[in-house]
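In my numbering, each number is its position in the sequence shown, counted from 1, plus 27.
Treat each hint with caution, since some may be false.
As a list, the in silico SDA-like pairs of lysine to any residue whose alpha-carbon atoms are at most 25 Å apart [what the hints assert, rightly or not]: (1) K77 / K100; (2) K70 / L92; (3) K73 / E97; (4) K77 / G65; (5) K108 / L58.
Hints are computed from structural coordinates only; laboratory data are not their basis. Every value quoted in this text rests on a predicted model; they were computed, and no experiment measured them.
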Amino acid sequence: MVVDLFMSAVSIFTTVTKSLPHLTLMALSLLWMYLTLGRRVRKTRKAFEKQLIQQGMSKQDAQRLSSCYEDLKDNITGMLKQRIATMRFHTK
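Build out the structure end to end from the sequences listed, making use of the hints.
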């Protein structure tokens, strides 16, 4: 019984140790995407506004339409934050 418990602990430790670099890389990638998302959305929004203004739309209407990009970003980050906050780890 003690040997089985020890082998189980060793196997869990080995699994965690082997997966740690991959989990770290994934976490860093997700963090980088989250940090750069705001800048990318601002850049895209400004480019969209510029195109609409060049086509003859008023600046206020272009800003109103481009605000959908910001709303979309807020919705996506809100869903991800909610999912992470409610995440549960299931064990057998």
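Hints and how they fare:
Simply put, K77 and K100 have alpha-carbon atoms about 20 Å apart, close enough for the 25 Å limit, and the pair holds. Taking the CA atoms of K70 and L92, the gap is about 15 Å. The hint holds against a cut of 25 Å. Restraint check for K73 and E97: satisfied, since their Cα atoms lie roughly 11 Å apart, inside the 25 Å limit. For the hint pairing K77 with G65, the CA-to-CA distance comes to about 18 Å; that is within 25 Å, so the pair holds.
Proximity of K108 to L58 is assessed by CA-CA distance (about 12 Å); at most 25 Å being required, the pair is judged to hold.
In this structure, every one of the numbered hints holds.
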